[in-house]
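Two chains, each in its own frame: build the complex with the hints.
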Amino acid sequence: MSVAFYLIAALTLAGGLAAVLLKNTVHCALALTVAFAGLALLFLQLDAQFAGFAQILVYIGAVAILVVFAILLTRGSDTPKDGVFSQSWLVGLVIAAGVFAVLGWAVIESVRVLPQETATPAVTVHDIGNALVGRYVLPLEIVALLLTAATIGAVIVAMHEKERSR
Amino acid sequence: MAATLDQIFILLRNWLTGFLPGALRPVANVLLSVVAIVCVFPGLFALTTVFERKGLARIQNRLGPNRVGPFGFFQPIADGIKSLTKEDIVPSSANAAVHFLAPLVLVVTVFMGFAVLPMGRNMALVDMDAGLLFFFAMGASTELSVFMAGWSSRNKYSLMGAMRAVAQMISYEVVLLLSSVAVVMISGSLSLEKIVDAQSHFSGIFPNWYIFTPWGFAGFVMFAIAATAETNRSPFDLPEGESELVAGYHTEYSGFKFALFFLGEYLAMFSISGLGTTLFLGGWSAPFSFLTWVPSWIWFFGKVMTSIFVFIWMRGTLPRLRQDQLMNFAWKFVLPFTLLDLMDTALWRFMGEGWQRWVLCSAILAGAFAMMGRLGMRKKHFGPRSYRYAE
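Read top to bottom, the protein sequences are chains H and W. Following our numbering, the numbering of the first sequence begins with 1 at its first residue and continues without gaps. Following our numbering, the numbering of the second sequence begins with 1 at its first residue and continues without gaps.
Read the hints as simulated data drawn from the structure, not as lab findings. There is no bait here: all hints are sound.
Label pairs and their in silico Cβ distance ranges:
| id | chain 1 | residue 1 | chain 2 | residue 2 | range |
| --- | --- | --- | --- | --- | --- |
| 1 | H | L73 | W | M372 | 28 to 38 Å |
| 2 | W | F73 | H | V157 | 51 to 61 Å |
| 3 | H | L13 | W | S254 | 35 to 45 Å |
Since we're looking at a predicted model, the values are computed, not measured. Note that CB positions come from ideal geometry on N, CA and C, so glycine has one too.
Looking at chain W on its own, in the form it has when it is part of the complex (with noise of 0.2 Å):
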């Protein structure tokens, strides 16, 4: 029974091709993959931006939305009819084609990233052997649509806006890379199956999770600020940041396809955070041994819905960067420590089994974050803190 439903997507699909002859069925079983992987994260999308608008509520001390349904959960139906039926205003002095190019290009980009992830147990449309520099290059496709749609415009808000957010992709591709180099080097493998398999199985009741060793949870970390960065989300939201780009480079945007430019932003949010799951956090492995009989897609999806959570708690947390504190952030402390932590990992690699490399690894570590962050403050002079209120 558990064996079944772990696979009940694809038992499913194996079933309805099954009614069409030998020579289609493996076209049908990939097209099936697709309209359940173009159907399924579009759906998320929609609760995500609920969940999203009450998580913020809630922290602001708001309600939220509340009219649409019960709780207001119906809100992004009547979103979406709003954005569908909306005039679509293209400035007279925009560059129609590219205009109208940037939001399809940054969407279907968006989309092939999930072609490589396994989402469970046998379950990833295409096995590469390459699947992690798959995924990386189509990430690094979407910079150009940002870059489309700010130059196309004609409006300096939006090119500023897309500037900022190219060179802001730009730092942080470096680290989100480097980052997974790490988990590659352990691993083994650029094939996404195999880093998750190599994390999928327990000492004792515990995962053999990557984010369970010293070099795997600073390596997590980084890779979790990189992350943000990359999908332009609180704090470093500055390439949207509306006190200062009033939306950023989508600002002449509306209608439908604002709504795809939404709606590759937080499909970008889910890949990201797919891949981080895949590459740390076991994947669609479970927490516990005595766990392994809940449906392997549930871990997953349950993984992602997590980091989504953290996305949002985030955004309600935390005031937004500077550009100049974002690139030094960049460049002088990100990206050094991911070097370091690429080099511990090597270590690790090489020091073989023992407490010993445990101790060494996890020192090195610690020291270089408090030294770094002891150098990086001494020049600062910040005093006490002190508080004025209105009077």
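Next up, chain H with everything else stripped away, as it sits in the complex (with noise of 0.2 Å):
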């Protein structure tokens, strides 16, 4: 626990509480991609570099741009009369504590259960690399098959909407 992992954290954690709690919605997303950045931040500090710049590929460089363009094309980013809190906010809260409840005592637990690792694991990008082509190709390309039959659909989608509006 270094000065630089509570930094980090707490950057994390203004960015994620920023995200929920301002008015403007495309300051909420620009808020959620600071989470994102801390959140890469804490994975390059532990070493793991793929996994901190995948991060930041995949949540700034893409979910973060298809948030804002998904708040631009529907509703504008101007507050709604009623304000942003939902009415069930006390029930989304005893939710979200209840999450964490879980999340925290896993976390407590595996401290005991799994054994101590006392050095640092040396992961390269070259061994994940190996391993994803390797032993787990058959999820790899699951995945890629899942990922271009959401493309087609995609597409198909578009297309629908393009014949209907003639």
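Below, the structure written as structure tokens:
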């Protein structure tokens, strides 16, 4: 637990909180990006280069862009009249607390159950690549198939829309 | 002597940090390298703006800037002073915080990309195991700054420009990544240092750069197209098409913030040229075996500046594309061809040495190129070209 960890954790938490609490939807999306960046930094601090850079590439480069596009294309970024807080915020709070409790319990239990690693495992990008196309090639191909299906689905949805509008 | 010149910057840095106590040296080394990057590339940017304006003027039969200094070469200094002293106007309805942050995010993320580029032998700031991934991660983050600029300005032209820019950057980023994957497949590493090392030996007097293979040549062409689109350069400069959108996402920026956008754009050009050089043109390695005595950083910067020259040349020569042409080109021609190139690379990898793979791989790519061109043009019904002159 170094100073760097606390700084990054504070940044990530601040980003996450801002994403929930800010009034303007686009500001929320941008704050979420800060939280993503903080998570990427945490990965990098753990010497997980691949996970960290993939986090930036996928979440900041694609997911955040998707989110802001969705906001712009659906409705304005202006605050709705009845406020940004949902009526059922109490239920949400209970669910969030429940999920947090389960996750926290799992993390604390894992310290006792799993053997403690004394040395940090040196996993290079090279090893990850070899594992992906070696041992885990079947899951990789299944994911690829799923993504291809999703792409074709997206194209079909787009085509259908065009026909109807004529 | 040649070895000293080759490593001159490293030696200079080590000599400077030698005055410090041992514990501070690694930090000081990194700091000095960062300062060098932050000074050299904006300096190159200033030079490039003059060359670009002079070059474009030459292409368009004008003189270009010729008032400040000899042949107008001090023009960037005048421009810099102008943009520093100009009033910084923020529209009253703009979203001030995001409006302020957008140019900063752009310049910072673009500068980060330079960290992994090997600019000479032993001259990469960090030799990362996943250097290529880092570069693309930083490149992807610039899209967000473009969006921030366009959205926060509260101006329809800015927003349209930003949407166009982001859509274009996402489309061409796919191609950029896939064309680089071919290089990774052959060299077997994501580290840019190792990719350069794999290309820096010679067969006879000729280098083993990846561009001199069928898959590498096709990959480089696709990479260059994607890089041009990614940096919003002509003929893909729709996001800032003056005739339609005033100036795109930086319409509402003035003074030094505009200068930062300008700087970010050129820095992105340098870094993407540097990446293309590293991946396909052998990075800092010499073009002939008898030229290895020339310092490696001269080759790197020479290759980068040559790419910049080609960028300027294209800007002066080609007309701007239309939005639908841009998207069709990306998804219906460039992307399929890059995927084919990827398969061609795999074939090249597993056919082993010999002349057969040269013939087969070249034939596949040339055949596919001709076929796709024919199929794409079939329904267009272009007649013979006709000219109309003003009477």
